[in-house]
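Chains as they are written, first to last, in my numbering: chain S, 1 to 254; chain L, 1 to 478.
A portion of the hints provided could be inaccurate.
Only pairs whose alpha carbons sit at most 25 Å apart, straight line, appear in this in silico DMTMM-like list of lysine to aspartate or glutamate [said to hold, decoys possible]:
1) 291/L x 118/S
2) 237/L x 312/L
3) 374/L x 354/L
4) 113/L x 196/L
5) 417/L x 222/S
6) 291/L x 222/S
7) 291/L x 125/S
8) 374/L x 312/L
9) 282/L x 155/S
10) 229/S x 312/L
11) 282/L x 12/S
12) 59/L x 216/L
13) 374/L x 227/S
14) 282/L x 125/S
Using C-beta positions, here's what the derived DEER-type ranges look like [stated by the list, open to error]:
15) 229/S x 132/L: 49 to 57 Å
16) 286/L x 19/S: 50 to 58 Å
17) 20/S x 232/L: 34 to 42 Å
18) 20/S x 388/L: 46 to 54 Å
19) 218/L x 20/S: 38 to 46 Å
20) 224/L x 16/S: 52 to 60 Å
21) 16/S x 332/L: 54 to 62 Å
22) 19/S x 92/L: 43 to 51 Å
If you want a taste of the chain S side facing chain L, the calculated C-beta under 8 Å gives, among others [as the list claims (entries may be wrong)]:
23) 71
24) 117
25) 121
26) 199
If you are wondering where the hints come from, they were derived from the structure by calculation, not from laboratory data. For every residue, glycine included, the Cβ atom is placed at its ideal position computed from N, Cα and C.
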Amino acid sequence: MTAETWKKPGLETLRAAISRLEGHSDRRRKTLPFGVREIDARLPGGGLTLGALHEVAGGGNDALHSAAAGQFCAGIAARTRGKVLWIVTRQDVFAPSLKQVGLSARRTIYVEAGSDVDVLACFEEGLRHGGLGAVVAEVARLSMTASRRLQLAAETSGSLGIAIRRWRRQTDAADFGQPTASVTRWRISVLPSVSLPVPGVGRPRWLLELIRARAGECADFEVEACDGKGRLSLPAALADGSDQEAAGQRRASA
Amino acid sequence: MPLALAGREGRRRVLLSVDLAARKMGLRPGTPVAKAQALYPDLVLMDADPEGDRLGLEKLALWFQHRIAPIVAVDAPDGLVLDTTGADHLHGGELPMLKDMVHRMAGAGFRAKAVVADTWGAGHAIARYCRAPIAVVPSGETASALADLPVEALRLPDTIVDGLATLGVSRIGPLTSMPRAPLALRFGPDIARRLDQAFGRIGEAIVPVRPVDPVEVSQNFAEPIGAAETIARYIGKLVPLLCQGLDERGQGVRRLDLLLHRVDSRTEAIRVATAMPVRDVKRLTRLLCEKIETIDPGFGIERMVLIASLAEPIDRRQTVSSLIAEEEADVSDLIDTLANRVGTQALYRFAPVESDLPERSFCRVPALAPEETKDWPDHWPRPTRLLARPEPVQAMAELPDQPPLFFIWRGVRRKVKCADGPERVFGEWWKNDAELTIARDYFRVEDTSGERFWLYRAGDGEHGETGSQGWFLHGIFG
Numbered sequence: 001m002t003a004e005t006w007k008k009p010g011l012e013t014l015r016a017a018i019s020r021l022e023g024h025s026d027r028r029r030k031t032l033p034f035g036v037r038e039i040d041a042r043l044p045g046g047g048l049t050l051g052a053l054h055e056v057a058g059g060g061n062d063a064l065h066s067a068a069a070g071q072f073c074a075g076i077a078a079r080t081r082g083k084v085l086w087i088v089t090r091q092d093v094f095a096p097s098l099k100q101v102g103l104s105a106r107r108t109i110y111v112e113a114g115s116d117v118d119v120l121a122c123f124e125e126g127l128r129h130g131g132l133g134a135v136v137a138e139v140a141r142l143s144m145t146a147s148r149r150l151q152l153a154a155e156t157s158g159s160l161g162i163a164i165r166r167w168r169r170q171t172d173a174a175d176f177g178q179p180t181a182s183v184t185r186w187r188i189s190v191l192p193s194v195s196l197p198v199p200g201v202g203r204p205r206w207l208l209e210l211i212r213a214r215a216g217e218c219a220d221f222e223v224e225a226c227d228g229k230g231r232l233s234l235p236a237a238l239a240d241g242s243d244q245e246a247a248g249q250r251r252a253s254a
Numbered sequence: 001m002p003l004a005l006a007g008r009e010g011r012r013r014v015l016l017s018v019d020l021a022a023r024k025m026g027l028r029p030g031t032p033v034a035k036a037q038a039l040y041p042d043l044v045l046m047d048a049d050p051e052g053d054r055l056g057l058e059k060l061a062l063w064f065q066h067r068i069a070p071i072v073a074v075d076a077p078d079g080l081v082l083d084t085t086g087a088d089h090l091h092g093g094e095l096p097m098l099k100d101m102v103h104r105m106a107g108a109g110f111r112a113k114a115v116v117a118d119t120w121g122a123g124h125a126i127a128r129y130c131r132a133p134i135a136v137v138p139s140g141e142t143a144s145a146l147a148d149l150p151v152e153a154l155r156l157p158d159t160i161v162d163g164l165a166t167l168g169v170s171r172i173g174p175l176t177s178m179p180r181a182p183l184a185l186r187f188g189p190d191i192a193r194r195l196d197q198a199f200g201r202i203g204e205a206i207v208p209v210r211p212v213d214p215v216e217v218s219q220n221f222a223e224p225i226g227a228a229e230t231i232a233r234y235i236g237k238l239v240p241l242l243c244q245g246l247d248e249r250g251q252g253v254r255r256l257d258l259l260l261h262r263v264d265s266r267t268e269a270i271r272v273a274t275a276m277p278v279r280d281v282k283r284l285t286r287l288l289c290e291k292i293e294t295i296d297p298g299f300g301i302e303r304m305v306l307i308a309s310l311a312e313p314i315d316r317r318q319t320v321s322s323l324i325a326e327e328e329a330d331v332s333d334l335i336d337t338l339a340n341r342v343g344t345q346a347l348y349r350f351a352p353v354e355s356d357l358p359e360r361s362f363c364r365v366p367a368l369a370p371e372e373t374k375d376w377p378d379h380w381p382r383p384t385r386l387l388a389r390p391e392p393v394q395a396m397a398e399l400p401d402q403p404p405l406f407f408i409w410r411g412v413r414r415k416v417k418c419a420d421g422p423e424r425v426f427g428e429w430w431k432n433d434a435e436l437t438i439a440r441d442y443f444r445v446e447d448t449s450g451e452r453f454w455l456y457r458a459g460d461g462e463h464g465e466t467g468s469q470g471w472f473l474h475g476i477f478g
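Using the sequences plus the hints, can you model the full thing?
Structure below.
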């Protein structure tokens, strides 16, 4: 239990009561923490819930390319165990780049489905299996019914499902506002990289917008992109600041 | 050297078939041997071997049964007929499937023609009497496709064809519009039957060739069955029997065909394939039951046959005793389920290939292929998305090796804020002579809004022979 939740026992009992009502009180839901305190504290359970569906989309032009969103999902998948199923309609993933965020090509099995319907069917099949570390699917349209099916499949097997919402046209991206049954919804936008004292491109930075989180609140984070093991980190300046602040509080409370 | 095969036709010795060289000289099947030899003394003549041809064709039919679809029959003397219903999507669609077939036959030294049509009769006619080596006749357009073909295409005996020629009927189109009764009176029922078969008005059963000594179980029904639940129940009964048979031989199934003989003497088939030999009752039952919806039971099914058309020895493995190593979950059953839905070629992993050119640096391997030990080098960041083909952009850059100052991609002008590079990649002259002097300079650039791209210049910026010096966008970074 993190320090944050320990301070609010009332909130925790309320959450337990709600999850009992939702019908999965018998087992404690596992989560996959990001390893960044600021992000994990905002997520119920202290990380991305396993056995649930999560939605990720790119912001701006990235809604079409899903380059940052893809990298973000690869980073999450890299931190799970077991094989990863990556379902696409048209293949343009460059495998060496996934390896650079820690997702080995030996672990990743690609499915090239002909249509969105096939993508969803394969997605559900993969989630239902339960032996996979993560199932990532690139879909354009995701209806309430379809997402509910996927969420149920993920809940029964305990697999992590990530839907990368990727559209052919910028105008279709408005579809991201429609409600779905996913547990969290993220939008990843690229930010200018960390500026270096020499010519060159520094470590990429992203704006992570947690647009929706079931039993949680929305939040924005500015982070540095995944490293070689798929971990995000906060920009140095901010990390230093909050660290000192926390240290100061600890000292004050002691 | 022209070659022809000679054989007897009644009491005469005639050429039965000729090769391309002989055909160019003007020889045709049916020319008397004496005449051919008199005209072309250097013609190589060999005796035809119809029995050998038939055996060869049967072997080929078995090969097609392995590769393409469960129902394959010999269409003597020179063809095969396949029922590809429900099998084409596993080969990427009808046209790619035909291309693949013709290509493979060409690889084996045969010039083949392939046609997909609604009926056996139509397929037979179009494959033999149309020019195109590959054709897909859309469903419902059989009549227009057949109209211009000669009446020989209908698989009629020579006497009837000659008789029709005396009547002045040489094409199928006019023949279909003639009244049936006088034709039947004069030539018998053959014409009407062949026409109806070609247009699909009456059925024509394809009796498939059978692999040698397969493990096979069958079930006859006193009353025809049709409901999906009933079919599922009998699949559940047949699979354990099959697995028992496989167990006795120590084999597992790689491909399983379920043939459903309908009361109207048509055969429906479903085929499932597995990535590794399987003898698991539950798993095979599930794979088969997922395909039930593709069966058209018609008026009912009177016989079900389950054949392990491809079986391989299954090797037993010791399960991990889990002292330290945690066993990784087995996903081969999921792979099979997905492969039977989207096709085997749509399910793959990427494996590294030793090449500096990005588009050649990976290849697709089967999802369950043994894990390779190599990996991509990790010197430089690589983009998440690689465009299928590099898109030309307009760019302004200082020569010879500076990154662009700005570039225009898809109508949007982007000012470059910072860049990494160049990373020079040379053409692979050992693969292709034309690549001897080719070079590319890759740059990773970031524009003012923070988007990151992978650009390259075709050429080294100094020497004209290294490339066009134009700029291309090849990938997008996250």
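Hint-by-hint comparison with the structure:
1. With a C-alpha separation of about 15 Å, the suggested pairing of residue 291/L with residue 118/S holds against the 25 Å cut-off.
2. Between the alpha carbons of residue 237/L and residue 312/L the distance comes to roughly 22 Å, so the proposed pair stays at or under 25 Å and holds.
3. With a C-alpha separation of about 9 Å, the suggested pairing of residue 374/L with residue 354/L holds against the 25 Å cut-off.
4. Of the pairs offered as hints, the one joining residue 113/L and residue 196/L holds, with about 24 Å between alpha carbons and a cut-off of 25 Å not exceeded.
5. Using a Cα cut-off of 25 Å, the hinted pair residue 417/L and residue 222/S holds, with the two alpha carbons roughly 20 Å apart.
6. Our distance criterion of 25 Å between C-alpha atoms is broken by residue 291/L and residue 222/S, whose separation comes to about 48 Å.
7. With a CA separation close to 15 Å, the supplied pair residue 291/L and residue 125/S stays within the 25 Å bound.
8. About 30 Å separates the Cα atoms of residue 374/L and residue 312/L, which puts this hinted pair outside 25 Å; it is violated.
9. Distance check on the hinted pair: residue 282/L and residue 155/S sit about 23 Å apart at the alpha-carbon level, within 25 Å; holds.
10. Between residue 229/S and residue 312/L the alpha-carbon distance is near 40 Å, which puts this suggested pair outside the 25 Å criterion.
11. With a CA separation close to 43 Å, the supplied pair residue 282/L and residue 12/S exceeds the 25 Å bound.
12. Of the pairs offered as hints, the one joining residue 59/L and residue 216/L holds, with about 20 Å between alpha carbons and a cut-off of 25 Å not exceeded.
13. For a cut-off of 25 Å, the pair hint linking residue 374/L to residue 227/S stands: about 21 Å separates their Cα positions.
14. Pair hint residue 282/L plus residue 125/S holds up; C-alpha atoms about 16 Å apart against a cutoff of 25 Å.
15. Separated by about 56 Å at the C-beta atoms, residue 229/S and residue 132/L satisfy the suggested range of 49 to 57 Å.
16. Between residue 286/L and residue 19/S the CB atoms are about 32 Å apart, so this pair departs from the stated range of 50 to 58 Å.
17. Taking 34 to 42 Å as the suggested C-beta distance range, the pair residue 20/S and residue 232/L conforms, at roughly 38 Å.
18. Between residue 20/S and residue 388/L the beta carbon distance is about 50 Å. The supplied range of 46 to 54 Å therefore holds.
19. Checked against the given bound of 38 to 46 Å, the beta carbons of residue 218/L and residue 20/S, roughly 53 Å apart, lie outside it.
20. Taking the beta carbon of each, residue 224/L and residue 16/S are about 57 Å apart, inside 52 to 60 Å as hinted.
21. One distance hint, 54 to 62 Å for the beta-carbon pair residue 16/S and residue 332/L, is violated here, with the actual separation near 39 Å.
22. Distance hint check: the CB atoms of residue 19/S and residue 92/L are about 46 Å apart, consistent with the given range 43 to 51 Å.
23. For residue 71/S, the interface hint holds, the least distance from its beta-carbon to any beta-carbon of chain L being 3 Å, beneath 8 Å.
24. For residue 117/S, the suggested interface contact is broken, since its CB lies about 11 Å from the closest CB of chain L, more than 8 Å.
25. Restraint check, residue 121/S versus chain L: the minimum CB separation of about 7 Å is within 8 Å; hint holds.
26. Hint on residue 199/S holds. Least Cβ distance to chain L is approximately 7 Å, under the 8 Å limit.
Taken one by one, the earlier hints fail for this structure at numbers 6, 8, 10, 11, 16, 19, 21 and 24, listed in ascending order.
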